[in-house]
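Visitor: Chain by chain, the residues:
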Amino acid sequence: MAIIDPRHAAKQLIYERIFRAATLAAALLVLLILGGVTVSLAGGAWPALRHFGFSFVSREIWNPVTDEYGALAPIYGTLVTSLIAMLLAVPTGFGIALFLTELCPPLLKRPIGVAVELLAAVPSIIFGIWGLFVLAPVLQRYVQPWLIAHIGALPLIGNLFKGPPFGIGILTAGVVLAIMVLPFIAATMRDVFDTVPPMLKESGYGLGATTWEVIWNVVVPHSRVGIVGGVMLGLGRALGETMAVTFVIGNAHRISSSLLAPGTTISSSIANEFTEAVGDLYTSSLIALGLLLFLITFTVIAAAQALLRRLERQGSAAI
Amino acid sequence: MKRRAVRKAKNAAFLSLSLVATMTGLACLGAILWTLLSHGLAAMSWRLFSQMTPPPGGQGGLLNAIYGSAVMTLFGILIGSPIGVLAGTYLAEYGRSSRLSTVIRFINDVLLSAPSIIIGLFVYEIVVVHMGHFSALAGCLALAILAIPVTLRTTEDMLNLVPVGMKDSSAALGAYPWRTTISVLYPAARSGIVTGLLLAIARISGETAPLLFTALNNQFWSTKLNAPMANLPVVIFQFALSPYKDWQDLAWAGALIITLTILLLSISARVILAMLQAERGSGR
Chain C
1 MAIIDPRHAA
11 KQLIYERIFR
21 AATLAAALLV
31 LLILGGVTVS
41 LAGGAWPALR
51 HFGFSFVSRE
61 IWNPVTDEYG
71 ALAPIYGTLV
81 TSLIAMLLAV
91 PTGFGIALFL
101 TELCPPLLKR
111 PIGVAVELLA
121 AVPSIIFGIW
131 GLFVLAPVLQ
141 RYVQPWLIAH
151 IGALPLIGNL
161 FKGPPFGIGI
171 LTAGVVLAIM
181 VLPFIAATMR
191 DVFDTVPPML
201 KESGYGLGAT
211 TWEVIWNVVV
221 PHSRVGIVGG
231 VMLGLGRALG
241 ETMAVTFVIG
251 NAHRISSSLL
261 APGTTISSSI
271 ANEFTEAVGD
281 LYTSSLIALG
291 LLLFLITFTV
301 IAAAQALLRR
311 LERQGSAAI
Chain B
1 MKRRAVRKAK
11 NAAFLSLSLV
21 ATMTGLACLG
31 AILWTLLSHG
41 LAAMSWRLFS
51 QMTPPPGGQG
61 GLLNAIYGSA
71 VMTLFGILIG
81 SPIGVLAGTY
91 LAEYGRSSRL
101 STVIRFINDV
111 LLSAPSIIIG
121 LFVYEIVVVH
131 MGHFSALAGC
141 LALAILAIPV
151 TLRTTEDMLN
161 LVPVGMKDSS
171 AALGAYPWRT
181 TISVLYPAAR
191 SGIVTGLLLA
201 IARISGETAP
211 LLFTALNNQF
221 WSTKLNAPMA
231 NLPVVIFQFA
241 LSPYKDWQDL
251 AWAGALIITL
261 TILLLSISAR
271 VILAMLQAER
281 GSGR
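Chain order of the listed sequences is C and B. Oh and the first sequence: position 185 is 185 in this note's numbering, straight run, nothing missing. Oh and the second sequence: position 6 is 6 in this note's numbering, straight run, nothing missing.
Quick caveat, the hints were computed from the structure, so don't treat them as lab data.
Short derived list, chain B residues pointing at chain C, Cβ under 8 Å: (1) R7; (2) S18; (3) L36; (4) L111; (5) S113; (6) Y176.
Covered stretches of chain B, going by a simulated chain C footprint (3 or more residues, C-beta under 8 Å): (7) 8 to 15; (8) 24 to 32; (9) 94 to 103; (10) 119 to 131; (11) 231 to 237; (12) 252 to 261.
Note that beta-carbon positions come from the ideal geometry of N, C-alpha and C, so glycine has one too.
Take the sequences, apply the hints, and build the full model.
Guide: What follows is the structure, given as structure tokens:
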């Protein structure tokens with residue numbers, strides 16, 4: 001029988017308290033980081049927000065010479081490039097997830113899944129340099145002239161595809177973003193599809209449904225929440241993506257009706273101009289842009305997480 | 001009968017579309033790797049690893065940038081991962097289902113996908129503004145903040161995978177939770193935690209945006225942590241957008257080095273995880 005040494009026990013208790021406090025402190029640091037980001041961005045943005053008031057988000061002007069700044073063009077660029085990215089990436093990601101869960105031969109399932117995940121690991125600057133030197137020339141030479149010739153002539157929608165084919169611009173940035181967020185959307189959707197109980201799918205097949213009918217009428221309704229969550233997660237990435245966009249957007253602070261024209265986004269404006277910004281108001285305006293981006297992405301990502309969490313709880317409740 | 005044919009045709013059409021989608025995704029990965037290899041290999045030479053980044057139009061290598069990236073990634077991990085591991089331990093062992101833990105988990109997942117340029121701005125505000133100049137130290141801090149959510153997430157997941165019986169046996173021997181955690185849980189979850197570290201290294205070693213206004217860049221050899229330091233991502237950014245052929249070649253070589261490193265790290269992380277799963281499967 002072991003005899004408990006009271007001094008040893010007391011020491012153990014002290015170690016326990018220290019360890020527990022250390023883990024708690026580390027966990028609280030996560031909250032502190034988020035709080036710190038909010039406070040420091042708000043503090044840095046304050047001079048610009050006070051000077052321009054609400055007109056900061058409603059004006060297109062961005063002029064370092066006269067020290068006048070408005071965020072409308074970057075906001076527009078951010079939203080439009082992300083929209084293009086989602087229009088392209090959501091159906092493609094859906095297709096990949098569908099292929100991986102329903103069609104793929106078991107032998108290929110893992111390699112293709114890993115390949116898609118590796119695409120997600122490629123750093124954004126690589127997408128940027130690739131977009132600038134490979135994708136942009138291809139779009140300029142082949143895709144954009146076709147768009148201008150065929151869709152540019154149509155009424156209304158044609159306005160989106162007018163002007164010279166620059167190669168770089170809003171559309172190219174959207175395409176690069178689409179490729180970047182594709183793996184996130186595909187991987188989330190695949191994981192969600194995998195949670196559909198096989199019994200449900202088998203019942204569909206038992207009724208004589210085709211594979212597509214089972215997917216559209218059983219798998220999709222069952223995983224609706226997860227699909228939306230995955231799409232929002234991808235959207236959060238697209239909105240905040242910096243380097244890939246900075247290479248191909250053209251960095252022009254104006255809103256053009258054509259998608260082929262150069263533009264700017266919030267993150268690329270910051271990346272391009274921050275280190276060169278002279279004057280407090282200029283720097284503060286860029287930080288205010290950062291604050292806007294933070295608020296937008298925080299909302300989108302938080303909503304996505306909330307949806308995915310709800311799904312997890314549903315999933316564990318069903319089991 | 002006609003209805004059936006229509007249904008079958010629709011089925012075939014959508015399934016082919018999903019095949020096309022998968023091909024597109026794989027083609028993108030292939031195209032990117034192909035471009036990197038063809039441009040990067042052409043620019044590979046020993047000079048890359050033995051000379052400093054050159055002035056415009058001159059010849060040179062990437063030695064200072066490779067060194068800077070390695071140093072900042074190392075310090076980023078050294079600062080960030082202990083915090084992530086400890087916080088993950090709190091969530092898995094002490095907090096579990098408390099309200100605080102739920103909030104922290106949520107915030108951590110938000111930070112995991114928050115734009116990294118925001119973290120760069122944050123570190124600029126709290127470090128660079130107060131120091132009065134750009135520094136490698138600020139870069140390390142920015143990378144550390146990015147490493148925390150990744151390690152936290154994997155640590156918590158991996159600790160949760162350790163069989164409860166092991167924890168209970170340790171507690172039955174009279175060990176306090178801290179002893180159990182350090183002597184039983186960490187060794188049991190070791191490979192999982194290492195995977196988290198590899199993923200975190202992969203994540204931060206390619207980050208560019210948070211370094212732009214923290215570490216900035218440095219054309220020369222510098223080992224001082226309180227001065228600007230060269231690093232591969234920012235060098236790639238500056239050189240790729242320059243009009244000089246020599247600089248662009250260096251950018252491609254740097255891009256190839258970074259991508260290969262990161263793919264290697266991600267693949268090893270996956271291999272470790274797969275081995276871990278195989279072990280668990282055969283253990284039962």
